[in-house]
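Asks: Use the sequences and the hints to build the structure in full.
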Amino acid sequence: MSVRNATYKPWAWTQSLFADGNILRLFIACVAIFVGMSILKPDVFPTAENFLSMGSQFPEIGILAMAIMITMLTGGIDLSVVSIANLSGVLAALVIRALIPADAEAGQVMMGLAAAITAAFLSGALAGLINGALVAYVNLTPILATLGTMTLYTGLTVAMTRGNAVFAENRLVFIGNTNVLGFIPIPLIIFAVVVALFALLLNRTPFGVKVYMIGSNINAARFSGINVRRVLLTTYIISGLLAAVVAVIFLGRNNSAKWDFAPSYVLQAIVVAVLAGVNPSGGSGRVLGIVLAILALQFVSTGMNMLLFTISGGQFFKEFAWGALLLTIMVANHLSEQRRSKSARRPKAE
Amino acid sequence: MADAFLSLSHISKSYAGVQALDDVSLIVKPAEIHCLVGENGSGKSTLIKIIAGVVSPDEGQIVINGKPFPRLAPMDAIREGIQVIYQDFSLFPNLTVAENIALNYELSRNTRIVRWGEVRRLAQAALDKIGVRLPLDAEVESIPVADKQLVAIARALVQNARLIIMDEATTALTEKEIRALFGVIRNVQRDGVAVLFVSHKLNEVLEIADKAMIIRNGKVVVDADAAALDRNKLVYYMTGRRIDEADYDYVPQSKQPLLEVSHLSSPGNFEDISFSLYPGEIVGVTGLLGSGRTELALSLFGVLPAMRGEVRIDGQLVRIRDIQSAIRHGIGYVPEDRLTEGLFLDQSINRNIVIRTIDTLRQAGGLLSPARLEAHAREWINNLSIKTSNPELPVKSLSGGNQQRVVLAKWLASKPRILILNGPTVGVDVGSKTELHEIIKSLAGEGIGILVISDDIPELLHLCNRILLMRRGRLAGMFERAVLDENKLTTLLTESTTIGSAVPSPQVQ
Ligand SMILES: Nc1ncnc2c1ncn2[C@@H]1O[C@H](COP(=O)(O)OP(=O)(O)OP(=O)(O)O)[C@@H](O)[C@H]1O
Ligand SMILES: [Mg+2]
Numbered sequence: 001m002s003v004r005n006a007t008y009k010p011w012a013w014t015q016s017l018f019a020d021g022n023i024l025r026l027f028i029a030c031v032a033i034f035v036g037m038s039i040l041k042p043d044v045f046p047t048a049e050n051f052l053s054m055g056s057q058f059p060e061i062g063i064l065a066m067a068i069m070i071t072m073l074t075g076g077i078d079l080s081v082v083s084i085a086n087l088s089g090v091l092a093a094l095v096i097r098a099l100i101p102a103d104a105e106a107g108q109v110m111m112g113l114a115a116a117i118t119a120a121f122l123s124g125a126l127a128g129l130i131n132g133a134l135v136a137y138v139n140l141t142p143i144l145a146t147l148g149t150m151t152l153y154t155g156l157t158v159a160m161t162r163g164n165a166v167f168a169e170n171r172l173v174f175i176g177n178t179n180v181l182g183f184i185p186i187p188l189i190i191f192a193v194v195v196a197l198f199a200l201l202l203n204r205t206p207f208g209v210k211v212y213m214i215g216s217n218i219n220a221a222r223f224s225g226i227n228v229r230r231v232l233l234t235t236y237i238i239s240g241l242l243a244a245v246v247a248v249i250f251l252g253r254n255n256s257a258k259w260d261f262a263p264s265y266v267l268q269a270i271v272v273a274v275l276a277g278v279n280p281s282g283g284s285g286r287v288l289g290i291v292l293a294i295l296a297l298q299f300v301s302t303g304m305n306m307l308l309f310t311i312s313g314g315q316f317f318k319e320f321a322w323g324a325l326l327l328t329i330m331v332a333n334h335l336s337e338q339r340r341s342k343s344a345r346r347p348k349a350e
Numbered sequence: 001m002a003d004a005f006l007s008l009s010h011i012s013k014s015y016a017g018v019q020a021l022d023d024v025s026l027i028v029k030p031a032e033i034h035c036l037v038g039e040n041g042s043g044k045s046t047l048i049k050i051i052a053g054v055v056s057p058d059e060g061q062i063v064i065n066g067k068p069f070p071r072l073a074p075m076d077a078i079r080e081g082i083q084v085i086y087q088d089f090s091l092f093p094n095l096t097v098a099e100n101i102a103l104n105y106e107l108s109r110n111t112r113i114v115r116w117g118e119v120r121r122l123a124q125a126a127l128d129k130i131g132v133r134l135p136l137d138a139e140v141e142s143i144p145v146a147d148k149q150l151v152a153i154a155r156a157l158v159q160n161a162r163l164i165i166m167d168e169a170t171t172a173l174t175e176k177e178i179r180a181l182f183g184v185i186r187n188v189q190r191d192g193v194a195v196l197f198v199s200h201k202l203n204e205v206l207e208i209a210d211k212a213m214i215i216r217n218g219k220v221v222v223d224a225d226a227a228a229l230d231r232n233k234l235v236y237y238m239t240g241r242r243i244d245e246a247d248y249d250y251v252p253q254s255k256q257p258l259l260e261v262s263h264l265s266s267p268g269n270f271e272d273i274s275f276s277l278y279p280g281e282i283v284g285v286t287g288l289l290g291s292g293r294t295e296l297a298l299s300l301f302g303v304l305p306a307m308r309g310e311v312r313i314d315g316q317l318v319r320i321r322d323i324q325s326a327i328r329h330g331i332g333y334v335p336e337d338r339l340t341e342g343l344f345l346d347q348s349i350n351r352n353i354v355i356r357t358i359d360t361l362r363q364a365g366g367l368l369s370p371a372r373l374e375a376h377a378r379e380w381i382n383n384l385s386i387k388t389s390n391p392e393l394p395v396k397s398l399s400g401g402n403q404q405r406v407v408l409a410k411w412l413a414s415k416p417r418i419l420i421l422n423g424p425t426v427g428v429d430v431g432s433k434t435e436l437h438e439i440i441k442s443l444a445g446e447g448i449g450i451l452v453i454s455d456d457i458p459e460l461l462h463l464c465n466r467i468l469l470m471r472r473g474r475l476a477g478m479f480e481r482a483v484l485d486e487n488k489l490t491t492l493l494t495e496s497t498t499i500g501s502a503v504p505s506p507q508v509q
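First to last, the protein sequences are chains A and B. Per our numbering: the first sequence = residues 1 to 350. Per our numbering: the second sequence = residues 1 to 509.
If you're looking for bench data, these hints aren't it; they were derived computationally from the structure. One or more of the hints may lead you astray.
Facing chain A, from chain B, some residues (calculated, C-beta under 10 angstroms) [to be verified]: (1) V303; (2) L304; (3) R338; (4) G342; (5) R351; (6) N352; (7) I355; (8) D359; (9) L361; (10) A364; (11) W411.
The beta-carbon is built from N, C-alpha and C at its ideal position, and this holds for glycine as well.
Replies: Rendered as structure tokens:
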């Protein structure tokens with residue numbers, strides 16, 4: 001064999017980036033949709049205004065998709081993310097109401113907000129811990145465990161609020177209203193920071209590598225001495241923390257939290273994760289995929305709105321367009337997989 | 001060649017810069033037993049996948065039964081009577097033994113109703129043919145590797161094959177099952193069935209083959225009657241050199257045993273096992289399938305905690321409750337089933353190697369250093385001569401023998417004090433086996449204690465200074481290397497009654 005062991009090439013990751021057909025196709029889809037929409041709606045689509053509005057729309061789903069992604073990487077799923085976000089949001093709003101009187105001074109406001117955000121994160125982490133314990137220690141199937149806790153957390157939120165919305169006294173709306181430097185919405189900045197930290201966590205920490213290994217072969221992971229339970233537990237805690245971040249953005253945007261806010265976001269986040277190329281049975285998926293997938297979907301839904309806003313019921317085309325995009329990319333992936341498997345090494349299980 | 005069943009001519013195949021096969025031609029006649037031998041990564045499995053229609057060649061012709069197949073599809077190959085037992089068996093893990101063996105055949109009758117009674121009957125008949133007993137209703141996932149191999153073989157036999165291809169299908173089987181299997185092969189041969197057999201156990205090859213084809217780096221080196229070859233010639237043609245392996249020269253290093261096992265029992269698996277392992281020792285554990293040797297290893301590694309008995313490490317009583325505690329006590333285990341217990345097939349070669357030691361590969365700030373990770377993996381890729389064009393490729397792109405080295409590398413990298421190797425060189429070619437043995441010996445020389453579970457007799461004799469023999473869950477004997485030779489060990493291993501004449505050695509020291 002005329003092969004030598006390759007030496008370390010710092011640029012090797014770019015190769016694997018494009019060897020990864022899914023990322024390449026997503027990138028092409030993004031650019032194509034962007035260019036297409038810009039040609040169809042040159043006066044409204046490629047404008048600063050539109051970018052601003054798009055940039056403030058996708059961060060929540062994008063972050064929820066990362067919560068779905070990390071659990072999917074281990075071969076699981078967390079269906080309770082939106083329930084956790086609503087629970088944490090309600091708790092944060094209650095803390096704000098309790099600690100910040102209407103005539104509070106700046107210092108008091110800061111303390112109160114810090115306490116509220118801490119409450120959101122603690123509750124998110126605790127909810128994640130319960131999920132993780134059910135999956136890792138009680139050995140429940142993730143989909144069933146988190147379906148159960150989804151109902152549990154929602155019920156808890158209803159019980160705490162008697163089903164009413166809890167208002168956050170305009171204390172967090174700056175998050176939803178401010179554009180840093182005049183053109184960057186704060187949720188977008190939060191999204192960017194979360195993406196960066198999340199990518200570091202998955203790619204540059206032993207924990208991240210273990211997450212992938214567990215999803216790839218949980219039995220071999222045990223035999224390799226990975227503390228599988230602890231890694232799974234941590235995974236669900238991280239998912240809960242990401243939901244808490246979303247809770248804060250929700251409060252910033254709506255100025256209130258309620259038990260039944262945005263239930264459809266769970267499925268949308270799953271769509272993003274799957275479109276991003278995260279393997280639902282675990283072991284593969286990239287953060288970059290999440291970014292490209294959420295962008296592609298945002299371009300599609302905004303573009304569709306612009307094209308169809310005159311038609312009554314046009315907004316429903318968003319769902320239609322998402323479905324169409326998802327299926328297109330999946331079929332493309334499948335076809336290329338088939339083409340490759342003919343020349344690949346391992347036979348598919350017959 | 002009118003009477004050839006299969007004729008391949010001028011087949012070439014390359015993978016991203018690796019020439020896996022280069023102008024290979026092969027003719028298989030009915031009732032012929034062919035062997036394919038070559039080093040790891042020489043292209044054997046690739047050739048077989050081409051015959052099965054799973055991989056298309058870049059160049060060359062395939063003619064089966066006189067019909068040319070410009071684009072052979074897997075269904076064509078099956079229809080022409082080619083049955084392949086892959087190196088990684090491709091059984092259905094969550095179907096039962098009986099379903100795995102006979103369901104395909106039953107479904108191929110093209111009726112709408114599956115006759116479940118018939119499925120069981122066919123499965124039983126196939127198992128009877130190779131003379132083994134397996135629980136028909138057990139899920140394949142839950143049975144040991146050797147049994148999986150038997151299931152895969154039985155399945156091929158059910159299907160009225162004209163050519164049965166076995167790609168290292170016997171690696172986990174011991175003498176006894178292999179004897180039975182060879183009986184079956186000679187039987188089907190009488191019915192005109194041809195067999196293509198790949199194995200690294202050269203003694204097996206020479207025993208069963210009519211013809212042998214030796215490939216090296218994807219090229220045919222020799223294609224001859226097996227009668228014209230002997231073990232040394234095979235090795236020479238495969239590797240291009242002569243191989244001489246010296247026995248392990250154990251030098252006692254300490255009077256304090258590293259590991260002492262006393263009266264260890266796990267009901268149903270093994271009973272009352274006592275032995276000790278001193279620093280620098282390589283102790284072999286052998287026995288037939290079902291002798292409890294693997295269960296003993298699993299119990300020392302915390303997978304199957306023992307019910308009774310004591311384990312001491314450095315004289316201290318320890319309790320091994322789970323894998324984590326075994327690892328904390330410095331125990332490492334290279335599992336026998338690399339596919340389900342050893343490898344992360346879709347993950348990169350690098351990650352597979354470093355996963356044990358990954359916590360130590362952080363730089364200041366706690367993040368992993370890709371350069372250190374890569375350097376660490378490369379060190380082991382070089383140490384174990386793992387043949388790869390790019391260590392970022394998934395480990396499943398490696399040939400079987402190279403995959404086995406990755407599993408070894410993972411554990412060697414973690415520097416355990418006590419290393420349990422269950423079939424450490426399964427599927428590794430003769431030349432590389434010697435290299436791996438040298439590595440194992442030098443580790444022992446550094447003072448770690450090694451248990452080698454194996455039924456590869458030359459391997460046990462080359463590596464070990466002491467050999468434990470297990471039989472039906474009990475320790476049936478303990479022998480110094482010096483009192484054994486190949487014949488004696490073979491007899492001991494296959495003998496079904498308790499040992500009479502063998503001289504159990506006194507304990508070391
Ligand atoms: N899908 C693939 N991608 C890249 N390289 C591959 C692929 N499949 C096989 N190879 C390479 O082709 C060569 C031949 O591999 P093959 O599996 O045929 O070897 P083999 O003779 O069966 O070895 P072994 O005895 O270890 O099983 C090896 O170098 C292997 O790494
Ligand atoms: Mg092979």
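Asks: A separate judgement is required for each hint: does it hold in the structure or not?
Replies: Here is how each hint holds up against the structure:
no.	hint	verdict
1	V303	holds (8 angstroms)
2	L304	violated (12 angstroms)
3	R338	holds (9 angstroms)
4	G342	holds (6 angstroms)
5	R351	holds (6 angstroms)
6	N352	holds (8 angstroms)
7	I355	holds (5 angstroms)
8	D359	holds (5 angstroms)
9	L361	holds (7 angstroms)
10	A364	violated (13 angstroms)
11	W411	holds (9 angstroms)
In the structure shown, a violation is registered for the earlier hints numbered 2 and 10, in ascending order.
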